[in-house]
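**Q** Line order of the protein sequences matches chains B and L.
Convert by adding 85 to the 1-based position in the first sequence; the result is the number in the working numbering.
Convert by adding 1 to the 1-based position in the second sequence; the result is the number in the working numbering.
It is possible that some hints are incorrect.
Simulated coverage check for chain L against chain B, where a stretch passes if three residues somewhere in it have a Cβ under 8 angstroms from a Cβ of chain B [said to hold, decoys possible]:
{"no.": "1", "stretch": "11–20"}
{"no.": "2", "stretch": "39–47"}
Under the rule of at most 25 angstroms between Cα atoms (straight-line distance), these lysine to aspartate or glutamate pairs were calculated in the DMTMM-like manner [claimed, not checked]:
{"no.": "3", "chain 1": "L", "residue 1": "Lys14", "chain 2": "B", "residue 2": "Asp512"}
{"no.": "4", "chain 1": "L", "residue 1": "Lys14", "chain 2": "B", "residue 2": "Asp208"}
{"no.": "5", "chain 1": "L", "residue 1": "Lys14", "chain 2": "B", "residue 2": "Asp88"}
Hints in this document: simulated from the structure, not taken from any laboratory.
From the three backbone atoms N, C-alpha and C, an ideal C-beta is built for every residue, glycine too.
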Amino acid sequence: MTDRTIAVDYLARVEGEGALRVRIHDRTVEEVELRIFEPPRFFEAFLRGRSYLESPDITARICGICPVAYQMSACHALEHGLGLRVTPAVRALRRMLYCGEWIESHALHVYLLHVPDFLGYPDAIRMAKDHPILVQRGLRLKKAGNAIMTALGGREIHPVNVRVGGFYRCPSREELEPLRPVLEEALGIAEETVRFAAGLPFPAVEEDYEFVALRHPEEYPMNEGEVVSSRGLRIPATRFEEEFREFQVPHSNALHSMRRDGGSYLVGPMARYALNRDRLLPRADAVAREVGLEPVVRNPFRSVLVRSVEIVQACEEALRLLDGYRPPERPFEVAAGPFDVPGCAAATEAPRGLLYHRYQLDATGLIEEAKIVAPTSQNQKRIEDDLREVVTRSLELDDAHLTDACERAIRNHDPCISCATHFLTLDLARD
Amino acid sequence: MHEEAMLRDLRRKLVEVGRTESVDRFSVVRLWVGALAHTSETTLRDRWPTTVAGTPAEGSRLDVERSDDVHDPRAGGIVLVRVEVPPVSTTTDERAPAALEGPEGLRARPE
């Protein structure tokens, strides 16, 4: 028997969730712990016993925003171990696919997650009422990125056309040609985005980051390059684990990562830009100069500007690759064996930063061991360091405003959890 | 992780509905599960008692409607369709005794 029925009709949302524990004693910040509750996902364990050919599709499921990054790091690592060399046309297509992911991921972050912070809106939906043009620009850019993903990957999210050795099918020039007007329009919107972002009100903040990114001899890095840092590190990606240590912390389910001989470090657009400013293509370089973007950006709030420049770079690069594209004779290369690879590794540049994969295969090509170091976990410790600075600067704020300041600081780095507009539970102890 | 996040969000919503409607106990909670929601009714029922422990939905009956329509715009999600409120005054004393007995009491009532 029922007294009344309450109609709700509410669609459950999947959101990242976190908590921040801050302990302040005598006006000194003694403890800052960012706690991520998402349970472990065990992808490295899932891979054990699976064919090496399955890794690009399994690992793509780690992220709905940057599946290409996982596919690329998996392919490069395994091809490195199996001695496979892809054709220049396949290499170009992979880079173009990566451009699509950068465009859609960065556009989402810039317009739907980051800009509302600067304009004083709690989210993009409410910003859209007053600034519909901004949201439309973001969505047009995202659509352009999605168009590349669909043309090369078969669909917008979790593409299905990538395989170790190349692509299952490579498109003809005619099939890619419709991308041209979409990308030309996107390039113009991206340049406008940089000009718009340059006028946002940035707090005067500078952080002492150690930047880590790939660096390629000729290109702005996506698929290949050495791992370099702003403090002089320069190693092949295969030596990544000799220099970087991933570890668990008691207060969070997210892994942390540090330099073995140092502290936290930052990967992502600010790091890539700082270490590869001289590799920008002409229009990206020109618009960066036009708005006076410094060669090394250490203000995390200005990451929105760097991310915008990278959208220009990705649009320009995709158009350049489209101009030069000739379909390969074979869409993929096949490994002849032997398959017993004791260890193979590679790193590529996901939109959020350097993504490292390592694999060990048995004689039949089954994966015996896999290690994946994602950019968000690499930045986790550095984000905590940023939060410590934010709290130290904001001791006078009440809890609600302090929470808001901390959420903004986290969103500067576009971690996966930033999709949740209001996610942070602040546990503040002031002694 | 995916279904855990959705269940946590449902829990938040149930608490909010209880607060805004000034109700401290629901007798029935009805969910609609999309064809592409990547969860099963069994999993939902297993996780439900822990999910709603300490909310107005604790001890309530869970009705699940499973959709087969992959083209439904909400096929990928779980919808909290409605809740039903029992007819009598709902103080915590009237809850099932098991619900008052700590962790062991968090098991769902037999249906």
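**Q** A separate judgement is required for each hint: does it hold in the structure or not?
**A** Hint by hint, here is what the structure shows:
1. With 3 residues having a beta carbon nearer than 8 angstroms to a beta carbon of chain B, the stretch 11–20 of chain L meets the requirement of three or more and the stated coverage holds.
2. Under the rule that three or more residues need a Cβ within less than 8 angstroms of chain B, the assignment of the stretch 39–47 of chain L is violated, with 0 such residues.
3. Between L:Lys14 and B:Asp512 the alpha-carbon distance is near 22 angstroms, which keeps this suggested pair within the 25 angstroms criterion.
4. Only pairs whose Cα atoms come within 25 angstroms are accepted, and L:Lys14 paired with B:Asp208 is accepted, the gap being roughly 19 angstroms.
5. As the CA atoms of L:Lys14 and B:Asp88 are separated by approximately 21 angstroms, the hinted pair is consistent with the 25 angstroms bound.
Against the hints set out earlier in the document, a violation occurs for number 2 only.
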